[in-house]
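Please arrange chain B on chain A, whose structure you already have, making use of the hints.
2 protein chains.
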Amino acid sequence: METTAHAIGRGRLAAILSGVSIALGFLASATWALDAGESIALRGIPDKAPACATCHGAHGEGGGDGLYPRVAGLPTAYLETQLKAFRDGSRSNALMSPMAKVLTDADIAAVADYFNRQAPEFPVAPGAKQAQLARGQALVTIGDWAHGVPSCVSCHGPVLQGVAPAMPALSGQWPRYIAAQLEAFRHSTRPGGPLGLMSRIASGLSDDDTRDVALYIASLRPGVMPEIPRPSAPEAYRAVAQSPDAFTPPPEASMPDGPFGDMVRLGENIFEDTPKHAGKYVGNTLSCRNCHLDRGRHPRSSPMWAAYVHYPQYRKKDGTVNTLQARIQGCFRYSENGAAPAADSPEITALASYFYWLATGLPVGIAPKAVGYPKLESPKEPPSPARGARVYAAKCALCHGEDGAGRNADGKPVFPALWGSRSFNWGAGMHQVDMAAAFIKSNMPYAAGGTLTDQEAWDVAVFVNSRPRPQDPRFTESVEKTRLLYHKDHKYDYYGREIDGKVLGAPSANRP
Amino acid sequence: METTAHAIGRGRLAAILSGVSIALGFLASATWALDAGESIALRGIPDKAPACATCHGAHGEGGGDGLYPRVAGLPTAYLETQLKAFRDGSRSNALMSPMAKVLTDADIAAVADYFNRQAPEFPVAPGAKQAQLARGQALVTIGDWAHGVPSCVSCHGPVLQGVAPAMPALSGQWPRYIAAQLEAFRHSTRPGGPLGLMSRIASGLSDDDTRDVALYIASLRPGVMPEIPRPSAPEAYRAVAQSPDAFTPPPEASMPDGPFGDMVRLGENIFEDTPKHAGKYVGNTLSCRNCHLDRGRHPRSSPMWAAYVHYPQYRKKDGTVNTLQARIQGCFRYSENGAAPAADSPEITALASYFYWLATGLPVGIAPKAVGYPKLESPKEPPSPARGARVYAAKCALCHGEDGAGRNADGKPVFPALWGSRSFNWGAGMHQVDMAAAFIKSNMPYAAGGTLTDQEAWDVAVFVNSRPRPQDPRFTESVEKTRLLYHKDHKYDYYGREIDGKVLGAPSANRP
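Protein sequences appear in the order of chains A and B.
FYI, the numbering for the first sequence is 1050 to 1561, going by the working numbering.
FYI, the numbering for the second sequence is 1050 to 1561, going by the working numbering.
Chain A on its own, in the form it takes in the complex:
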């Protein structure tokens, strides 16, 4: 039984239901025609279930100070999933379960569609202290990766509007309901959501966190993007020399004011939303953060602080000594499938400044013991695209889409495209199966890194990297020649190899 339902007695529940049913009686008697979903929502199913609106409001706005959640605007598929979970008992709730049991699949589809289309006003936000809102804002926009908590916006969308099919909107939700659900996830009184992610994430939250995140979300207005908190007076932070093996970048809230701080912030903005802030150099929908989690801080995700202290560096890839700037240019050209900004462009300087700031206190040129995408051992079985496809369907498609094109919210990319025209090209490091496998093993599924087996990581890496993607910008004459010139005999670089009857990278194979 869930915490919300648990909090109120059965008798009081019955009284509430009866009172609200009377109040809503006029709707049931209205003369206009209602479609199936509307009818269930507003009238219920005679003699079997009261109107959803009884508790959730006519437009799904919820009520009872969050005892009844807002369901308006939630993805249809998400609503269907929840109703079916109540019906089959996998999600347990004293109020919802009996009602869900009388609904057919068609009823569920219809009522889910009805509430998906609703957009009532947001509830009035309760009062909150500044410190509570600040902590909530940090959790919503940054997360708390040290405790395994990614930002809310990274899955629920930039304005927490939800991302179909699986991620519900959080904006407009009642704070008491959000807190209750987080507690239910944490105490396993509600199923953990897709791949169990929400129970993992909620486990990283303290009681105060749970309250603060709910209060902050309630303070947001519709469509307004929550921003990383920027204190007007940055937190005092004493930069000290640190060991590369136990390095912590400076806290976000200590980012300095003034023109240098502005440049660092611009760098972080570009990092977090590259198409928006450096659009003319980006040829797909990816952002730096898609490969470098926690705003480039995550130690197992090629953190930018480690990169900062290891350039200039000779790279076989282009046979030259790359400065940090040249290395960033490479990301634009390949991973972003775009055109490199000039070495002294504001974009590159901003990114370099951000990386520099992240590296505060880290010794130059000393390799941290374990950082980056820790290398995987060779796979026991040769990586198999067929097995990888099954892993992908089970663990990846939810966010990245069955077609690998990622998922958007309001047209803006939330989950990155893994193949096709919106993804990285055949020159990007991630097209190498060993690098992709290492990244995946450590970091995927998002916020659940380390949960795949090594073999699963290898298999899904080769599956993803045998799909069509944009041509290598260094393409010369033919795939064979391009492979010879630039891909050489790297064992796990499959460009130019034949898989499932297609030569990877061949123009015909790059068309989806």
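Derived from the structure by calculation, the hints contain no laboratory data.
Some clues are possibly wrong.
Copies of the same chain are indistinguishable here, so a pair counts whether it falls within one copy or spans any two.
As the list claims (entries may be wrong) - Straight line, CA to CA, 25 angstroms or less: simulated SDA-like cross-link-like pairs of lysine to any residue:
1) Lys1418 x Ala1213
2) Lys1418 x Pro1299
3) Lys1429 x Phe1309
4) Lys1133 x His1236
5) Lys1133 x Pro1395
6) Lys1418 x Thr1297
7) Lys1365 x Gly1241
8) Lys1133 x Asp1156
9) Lys1418 x Asp1306
10) Lys1325 x Asp1096
Structure of chain B alone, referenced to chain A:
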């Protein structure tokens, strides 16, 4: 009495002199006409002094395995100084002093000129162990700044050919003589040379150093430039995290092999001889090392390792966040009075790579407690160009020239120009009197930093910075407007101010 003379008995000396005089008798009786210097050198002064050639050889090649030094090719003024020192007793030598006493100023000038024009072959180098030569090579080309020892080449010229008027050639000199003189400087049995520099420097050498440097110099062939030692297998060097307050860059001999090492070496070469290795971007005769001593390592001389970890940084000078690359570009534009190489040019990448390597183990963005040009307190008396001119004449002109144009050896700059067309321009940081005073106080005279009083440093800084120099490349319309735009109201920026009836920076005042 000097060590060399001290080492042999009087009786043996007399025997040597007599024998050599007989052997050279044929020269005295030759029929061709000799000029005054030649005559003294080859015939001596009848009844008063034997021929110089008796000991030093007809062409000043020296002999007695270095008991008698090579005097061939030494600067005329240096030879005159030495002969006068023997004559007046300030340099004491049992053999030389009595002979010098009979020479007139005119005799001295003539014989000095004669030997200056000679170029006999070099003596055969004695055997030496590889380790001895390697240590000697390091001292000759790098020095040992931790013990106050600059490289020999930095004052005696790139091929140790001597730099008129005061620095004798070392190439071709007998190793035993070199070692003996270093010992004499060390034990104050020979005056310390100009400003006492050689006694300071020799004090930093061990007995083994003295021998090794002499052996290495003896191994050099005429006109061949000694190079910084590059071991074929770089020394094992375990890079470790270090404190910024007690930082030591990696040893030169640990510079890595391979393409990254090549880039670092190119950077060091550019740093050490900028006109040679980055000539197209240099508009004067200065090199990076002229302001950043010990190849950019000296902690009191704005070391490049400290610079590396403090960029990107906002700079008021141009109102932008400068990357390290942009900062280096500024040096080319102003201090080098040239044109900046592109941010991603090989020259800038090489310099950045060299600085990066120097910073190995240094934490990013943590200010070392005392590094750079330590700031001076405000001067007690306002800085005075007139007083500064006197300091300059006494302490600086020896190397930088009475005309401030520096000094060359074989046409290549050895001591940098401090004003005039061969020096930094009005946009360089060093034109600011406070910065120049701080630099001078810590670093000048070369290898004798800290020996001037604060007031002397302020005075000589304002003297140097009230001489003519190339225009600020940002010059706009007039000196007044340019000052307003770029020099602002900085108290110690004298650009646009009137000194000695001239407006500094005005086109008329920039003509020497």
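Violations among the numbered hints, reported as their numbers in ascending order: 1, 3, 5, 7, 10
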